[in-house]
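Novice: Letter by letter, the chains look like this.
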Amino acid sequence: MNPYIILSLLFAALLAVGAWRQKKKAALYDISWAAQIKETLTSKSFLLQMAGFVCFITFWHVCVVALRLPWFNRLPGPWECLVEWLNPDPDYGISIYTKDYYTHILYSTYRATTAFVLASALGICFGLMMGWSRKFYDYSFPLVELIRPVPPLAWVPLAILVLPGIEPAVIFVTFLVAFFVTTLNTLLGVQSIDESYFRAARCLGASKKQLLFDVVLPGAMPFIFTGLQISMGAAWFSLVAGEMIAAQYGLGYLIWDSYSLIQYPVIVIGMVTLGLVGWASSAIVRSIGRKLMAWRERELNVCNLGG
Amino acid sequence: MARAAKMYGVSFTVKVRRLFSSKGFVRGSLAVFTFFLLWQIGSMGLLPFMHAIPTPIEVVKVFWEFLHLTKYWQSWGNSFLRVAYGFVAAQILGIPLGLGMGWNRNFKDLTYPLFELLRPIPPLAWVPVSILFWPTNETSIAFITFIGAFFTIVLNVLGGVSSIPRELTNAAVSFGASPKQIFWRIVLPATIPSIATGMMVGIGITWNVVIAAEMIAGNTGLGRMTWEAYLASHTAGIIVGMISIGVAGYVSSMAVKAISEWLMPWKKIF
Amino acid sequence: MQEVLKTKEADQSSRQVPECLTTEGALSIREVGKIYDPEGVHVEALAKCSMEITAGEFVAIVGPSGCGKSTLLNIMAGFDNLTEGEIFLDNQPLATVDQPPRPGPDRVVVFQQGALFPWKTVLENVIYGPVVQKGMSVSEAEKRAKEMLMRVGLIGTENSYPGQLSSGMQRRVEITRALINNPKILLLDEPYRAMDTITKGASHQYLLELYDLTRKTIFFITHDLEEALFLADTVHVMTSRPGFIKKTLAVNLPRPRNFSMLISKQFMEMKAELVEAVHQEALKAFIAGEREMA
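Residue numbers (my numbering), protein chains in the order written: chain A, 66 to 372; chain B, 2 to 271; chain C, 2 to 295.
Certain hints may be false.
[What the hints assert, rightly or not] Listed next, the in silico DSSO-like pairs over lysine-lysine satisfying Cα-Cα at most 27 angstroms (straight line):
1) C:Lys248 to C:Lys201
2) A:Lys356 to C:Lys121
3) A:Lys200 to B:Lys24
[Said to hold, decoys possible] Cβ-to-Cβ under 8 angstroms is the rule here; a few derived chain C residues that face chain A:
4) Ala78
5) Val98
6) Pro101
7) Gly105
8) Arg108
9) Ala116
10) Trp120
11) Tyr162
12) Gly164
13) Phe260
[Said to hold, decoys possible] Simulated DEER-style distance windows between Cβ atoms:
14) A:Val119 to B:Asn171: 33 to 43 angstroms
15) B:Leu189 to C:Thr215: 55 to 65 angstroms
16) B:Phe26 to C:Pro39: 17 to 27 angstroms
17) B:Asn107 to A:Ser352: 23 to 33 angstroms
18) C:Tyr37 to A:Ala348: 47 to 57 angstroms
19) A:Lys274 to B:Phe36: 29 to 39 angstroms
No wet-lab data here; the hints were simulated from the structure. A quick note: this is a predicted structure, and the numbers were derived from the prediction, not measured. Beta carbons: idealized from backbone N, C-alpha and C, even for Gly.
If we strip away everything but chain A, and leave its shape as in the complex, we get (with noise of 0.2 angstroms):
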């Protein structure tokens, strides 16, 4: 298919959701849809957003296609990357159809999803437990502020070294950021918890066991969540930087490869692919988060609407 249909089904898909987002807006104040998008297009807001969009991507090309600038002379222009993103036969093998293109996302996203799927579930357990009792965090806070500052990265050629493959040490090293931050996260969690509620469950009669699910539990998830979400974005960081180093597949390393292999325009596919992906994992982690915390949107929506 001609990349200028795809472009346009793209354009015309995003057009669709601002749309409809338009008639959620147009029910809050009262107005028609018609009268709503009106509103929109046409704010100064609005405009300016869309301004500084393009300035950027004038700007880009500009520099780099239209006045050759020193620095920019190797840089690809905006206009290069997207044909070739949506070249059915693209010069340097990556765009949107080849195979090739999903199996570095599949890479990377199985092995980001594997590492902090692992992280957050010890990572909570962990952090419960050091919350929890006092016991436990005495033997374990000293040990976890010792390995702490060393930076993951700096873990990534012992990983290499003593894991059986590069496989398993990216995703050890991509799993122990996640894990330090969510271990953290949740101890801050279940240190904010107000003394009252425990007092007020165990005066109404609350075993030790149901205080952990009654009140620790769903006391400490806003903190919980939000941890989630900066490990799922040091997650990719991470592995990210394992990948350049050491690994084969992957965005990370589509990236470093496309660098040394001269081929420019698929570094800028790569990176953009990146942040897609990885906004599209935070934007999971933080609508799970909003479903099981509905009582916050609650609170948060009668705020909002009193203050």
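Put chains B and C on the given structure of chain A with help from the hints.
Specialist: Just chains B and C, lined up with the frame of chain A:
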């Protein structure tokens, strides 16, 4: 601790003695000691997967050797310099940007979409672009470190400005302050805690990025040193590198914390 | 066991004594002392604090900030232990130096800032006690909870979260949550402190109606002298740190109380007495720079 002791009217020596005999301290020391003990035993061959790892004693020996090499200290200097360049540049550019975005709605509309679009891209993904763009290797690595801390500080400052209580600005207006005065006298000082938080988080990210950038594309520095030890299969050297990096990161965090506390004498950072 | 109150119109000067008394919830607090951190900072919160509370009595404690009122409540509730003295509940030891008290559904607390679980709906909050103690099945508990909520005028809020309710409603839900466990004593730690006067007035009315209906022993801590006089049968004045009971005032107002009593001569006289007693202590505490003990 001396300050805390004075607060509670208990003598310093009593406080120290109580710390050392407190349950927490004893348990913590026990845990750390057991960790090193297990490491030592494991590396001597008792645990299967640890045969490649040197014992703590070997590591200490190698560490001692390294401390005498000028190259070691040069690596420290190089890495620190890179961290400093990137971090400081990120603060100089990021803080005004964050303040501007929080203060002026139009400016935010212009810049925020782009900012949000570029933010999810991990800093290291910028390495090739950076190398292609900047003339020297040093500047390209500095750019990567800059990116890491930049997004963090802008986000924190933006959050800080938006969370200034309305009453503060209203009070200033009712006293007849001009927008410029409000900005310099109210908004800026009220944002300092968020700047401090952004700096604390940013310095951690910066270190991570520097190490990785050095491993991928650098020729000097602690990261590079660790990578070279890896290439030479000198495992003890790797561990020494890791420890050095950890210490360096810790030192920088303490420095940033000290700066933050100097900026905010009324608030003690946890 | 509680029976429905049968009042008889009594003369205004004598204290109204209900015909049927509750038989549970008699507290005997004998020379209770509490010292925090004995080898270190040595803060003496309570010293030889004594009082006798009969079953079904509404008792109010007033005193300056930081004098130890909350400490006493915490010991009674079971969150803290005493270092001296003993407390007996219905002639059974509740807290002695060797036997620390444990929290339980016979002495439920209503907290200052409110401790409704924000992540549970109103209904889930109210049924929490019975369900967690495995006293009732969930459906039974829900039925009972709905009855109680209806009586209190909160029907319709069962599926809301506490964050969506006003503070007055939240307090009522919290009291309902406490009462569904049929406690011997209801412990209230300055529950209306953060409220505006109008909501406070309505909350007082609600509490009084509740008291008239259930005749539970109520232990009420407050700063507000008028509130104490209006609600309670007995008002104890606690000294500043270390706290003990300096003065006990029997409130001779008839039940059911109404707002016109607030301006009666009797009320004013009692208030004058209280003000003088409390003011001395407050001045002492102020000069000593006491900070609020959490």
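Novice: Where does the structure disagree with the numbered hints, that is, which hint numbers, in rising order?
Specialist: 5, 6, 13
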